[in-house]
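Chemist: So you can see what is in the structure, the chains are spelled out below.
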Amino acid sequence: MGKRELLIPEEIYRAIADNLSRLGASSVEEFVVYLLTDELRRQGILRAYGPEEEKALEEHLRDLGYTD
Amino acid sequence: MVFVGRLLLIGLDCADPELLRELLPELPVLRGLVEEGSFVRLRSIDPPITIPAWMCMFTGRDPGELGVYGFRNRRDYSYDSLRVVSATDFPREAVWDRLGGAGLRSILIGIPGTYPPRPIHGLLVSGFLAPNPSTQYTYPPSLRERIRDLVGTYLFDVRGFRTHDKHRVLREALEMTQRRFRLAVELLGNEAWDFAAVVEIGTDRIHHAFWAQHFEGGPFQDALRDYYCFLDTCIGELLEAVPRGIQILVVSDHGAQGLEGGIAINEWLLQEGYLTLKTYPKTPTRIGDLIRKGLVDWRRTLAWGEGGHYARIFLNVKGREPRGAVPQGKYDTVRRELASALEGMVDGEGNPLGNRVLFPEEIYREVRGIPPDLIVYPGNLRFRSLGSVGWGKITLPGNDTGPDDANHSHWGIFISSPPLADSDLGITQVHDIILGYFGLEGRNG
Numbered sequence: 047m048g049k050r051e052l053l054i055p056e057e058i059y060r061a062i063a064d065n066l067s068r069l070g071a072s073s074v075e076e077f078v079v080y081l082l083t084d085e086l087r088r089q090g091i092l093r094a095y096g097p098e099e100e101k102a103l104e105e106h107l108r109d110l111g112y113t114d
Numbered sequence: 003m004v005f006v007g008r009l010l011l012i013g014l015d016c017a018d019p020e021l022l023r024e025l026l027p028e029l030p031v032l033r034g035l036v037e038e039g040s041f042v043r044l045r046s047i048d049p050p051i052t053i054p055a056w057m058c059m060f061t062g063r064d065p066g067e068l069g070v071y072g073f074r075n076r077r078d079y080s081y082d083s084l085r086v087v088s089a090t091d092f093p094r095e096a097v098w099d100r101l102g103g104a105g106l107r108s109i110l111i112g113i114p115g116t117y118p119p120r121p122i123h124g125l126l127v128s129g130f131l132a133p134n135p136s137t138q139y140t141y142p143p144s145l146r147e148r149i150r151d152l153v154g155t156y157l158f159d160v161r162g163f164r165t166h167d168k169h170r171v172l173r174e175a176l177e178m179t180q181r182r183f184r185l186a187v188e189l190l191g192n193e194a195w196d197f198a199a200v201v202e203i204g205t206d207r208i209h210h211a212f213w214a215q216h217f218e219g220g221p222f223q224d225a226l227r228d229y230y231c232f233l234d235t236c237i238g239e240l241l242e243a244v245p246r247g248i249q250i251l252v253v254s255d256h257g258a259q260g261l262e263g264g265i266a267i268n269e270w271l272l273q274e275g276y277l278t279l280k281t282y283p284k285t286p287t288r289i290g291d292l293i294r295k296g297l298v299d300w301r302r303t304l305a306w307g308e309g310g311h312y313a314r315i316f317l318n319v320k321g322r323e324p325r326g327a328v329p330q331g332k333y334d335t336v337r338r339e340l341a342s343a344l345e346g347m348v349d350g351e352g353n354p355l356g357n358r359v360l361f362p363e364e365i366y367r368e369v370r371g372i373p374p375d376l377i378v379y380p381g382n383l384r385f386r387s388l389g390s391v392g393w394g395k396i397t398l399p400g401n402d403t404g405p406d407d408a409n410h411s412h413w414g415i416f417i418s419s420p421p422l423a424d425s426d427l428g429i430t431q432v433h434d435i436i437l438g439y440f441g442l443e444g445r446n447g
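Protein sequence lines, in the order shown, are assigned to chains U and V.
Note that the numbering used here has the first sequence beginning at 47, numbered continuously upward.
Note that the numbering used here has the second sequence beginning at 3, numbered continuously upward.
These are calculated hints, taken from the structure and not from any lab test.
Be aware that a few hints might be false.
Stated by the list, open to error - For the chain V half of the interface with chain U, some residues (derived, Cβ under 10 Å), not all of them:
hint : residue
1    : 102
2    : 222
3    : 224
4    : 311
5    : 335
Unchecked claim - Label pairs and their in silico Cβ distance ranges:
hint : chain 1 : residue 1 : chain 2 : residue 2 : range
6    : U       : 96        : V       : 346       : 23 to 33 Å
7    : U       : 58        : V       : 332       : 52 to 62 Å
8    : U       : 90        : V       : 170       : 30 to 40 Å
9    : U       : 90        : V       : 321       : 39 to 49 Å
10   : V       : 238       : U       : 73        : 52 to 62 Å
11   : U       : 90        : V       : 443       : 47 to 57 Å
Quick reminder that beta carbons are idealized off the backbone N, C-alpha and C, glycines included.
Could you build the full structure based on these sequences and the hints that come with them?
Modeler: Below is the structure:
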């Protein structure tokens with residue numbers, strides 16, 4: 047997957063960098079990417095599952111009896 | 003002032019209070035927790051299903067408030083909009099979010115509804131809705147490589163579960179449980195944490211596969227008992243890895259009961275004139291396939307149903323569904339009549355099935371998202387709901403997706419050591435109990 051550079055305010059960067067342990071992240075970039083991904087998924091812009099993953103999961107859920 | 007103790011929650015999906023009481027004499031670790039603490043029942047939510055039950059426990063919210071009514075939710079009012087639920091569908095209000103805000107660290111392993119993983123203050127290993135071990139199923143991402151080093155391939159679930167090969171199901175369930183607890187021992191024994199939750203899904207799989215033989219005998223009559231004994235050993239090893247004197251909870255999201263058969267809900271709707279097909283299938287066909295193939299005559303269809311451990315009934319409402327047939331002014335009347343007819347359903351010999359029918363707005367504090375119009379428990383969950391059509395009859399002795407021994411029941415378990423409860427609890431109360439332990443205010447003050 048390709049990457050693009052973004053600029054964020056120094057204050058935000060420092061707040062994340064100074065709290066990496068508390069945020070559970072190993073880098074500022076990792077944390078920011080997670081947050082953005084989560085928000086895009088929440089808004090339905092990105093899907094949590096790819097089409098093939100969702101198809102396989104639906105079969106698994108049917109297999110388990112949760113769905114039909 | 004925040005209390006600085008530690009709380010370990012061990013979740014046993016589907017663990018049933020009556021079964022556990024029967025097995026306790028052979029489970030020294032769990033018995034010890036009960037003897038030093040207390041064992042009460044935990045009333046699940048409606049529907050008593052893994053998704054959303056666990057997240058109701060950890061958010062203190064009911065399914066209506068969450069807007070999550072099952073493993074698949076309707077995204078819109080089109081006929082084919084059911085999509086698998088993910089972590090993104092849940093608000094970021096779980097206990098670990100609150101604890102993280104207070105600077106308290108969590109380790110979460112196997113909680114259904116936590117894939118894809120969201121950032122938390124701590125470590126997160128997603129539950130069984132993670133597609134496979136090559137996906138990014140941990141937070142932080144680097145944890146995935148560490149897990150591979152610790153336990154090899156992480157097993158989310160028993161694959162190919164609906165099979166007559168019971169040997170394989172048992173073997174895979176044992177292996178999965180062993181790896182999950184080995185991981186838990188490593189992480190909880192070597193990482194800093196204040197709150198930890200480890201949810202084992204193997205109990206549910208074992209119940210569905212071996213429930214009948216446990217009670218009625220057969221070549222696998224000892225499988226369920228043996229699995230629990232193994233699980234008890236795993237729990238003992240985990241307790242050895244954590245400091246003594248911490249608060250322990252052992253909980254389940256729902257219980258289990260024997261399965262008597264299936265109710266072909268759409269066959270019944272067809273028979274009663276609520277559902278109309280353009281062509282009746284020659285072989286049993288899923289309702290979703292009939293919808294996708296355009297074989298439902300929507301102009302003459304008032305309602306259709308989805309199968310699973312319970313039934314979800316959707317009305318085909320004018321101005322709401324694309325080709326609605328129920329006038330909005332008659333919605334309440336049609337729904338009440340349908341509910342009454344569902345409650346009066348009888349089996350092939352004319353005996354009442356004892357169906358329970360629930361109205362979402364009557365059982366939830368709030369109704370968000372797109373709920374089913376009716377929730378139906380066939381035979382009060384002694385039967386499954388079969389959504390497929392083509393059986394030519396309403397009641398079936400088995401299950402349409404392969405062998406299944408058990409269905410869910412409303413009562414799960416709540417063991418606390420030291421004791422935190424002396425009478426039965428509701429599942430959403432667990433949220434407040436956890437927060438209260440850490441000196442934080444819960445939803446109910």
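Chemist: A closest beta-carbon separation below 10 Å is what the hint needs, so does residue 102/V meet it against chain U?
Modeler: Residue 102/V check passes; min Cβ-Cβ to chain U is 8 Å, inside 10 Å.
Chemist: Just to be careful: measuring from the Cβ of residue 224/V to every Cβ in chain U, is the smallest value less than 10 Å?
Modeler: violated (23 Å)
Chemist: Is 52 to 62 Å respected by the C-beta to C-beta distance linking residue 58/U and residue 332/V?
Modeler: For residue 58/U and residue 332/V the Cβ distance comes to about 55 Å; the hint holds.
Chemist: Are residue 222/V and chain U close enough, Cβ to Cβ, to be under 10 Å, as the hint says?
Modeler: Since chain U brings no Cβ nearer than about 18 Å to residue 222/V, farther than 10 Å, the hint is violated.
Chemist: Holds or violated: the 52 to 62 Å window for the beta-carbon distance between residue 238/V and residue 73/U?
Modeler: violated (38 Å)
Chemist: Take the shortest C-beta to C-beta distance between residue 335/V and chain U; is it under 10 Å?
Modeler: violated (28 Å)
Chemist: Given the hint of 30 to 40 Å, is the C-beta distance from residue 90/U to residue 170/V inside that range or not?
Modeler: Given a distance of about 38 Å, which is inside 30 to 40 Å, the answer is holds.
Chemist: So does residue 96/U sit 23 to 33 Å from residue 346/V, Cβ to Cβ?
Modeler: violated (44 Å)
Chemist: Holds or violated: 39 to 49 Å for the Cβ distance of residue 90/U and residue 321/V?
Modeler: violated (23 Å)
Chemist: Given residue 311/V was flagged as interface, is its beta-carbon under 10 Å from a beta-carbon of chain U?
Modeler: holds (6 Å)
Chemist: At the C-beta level, are residue 90/U and residue 443/V separated by a distance inside 47 to 57 Å?
Modeler: Since residue 90/U and residue 443/V have Cβ atoms about 32 Å apart, the given range 47 to 57 Å is violated.
When the structure is compared with the earlier hints, violations turn up for hints 2, 3, 5, 6, 9, 10 and 11 and for no others.
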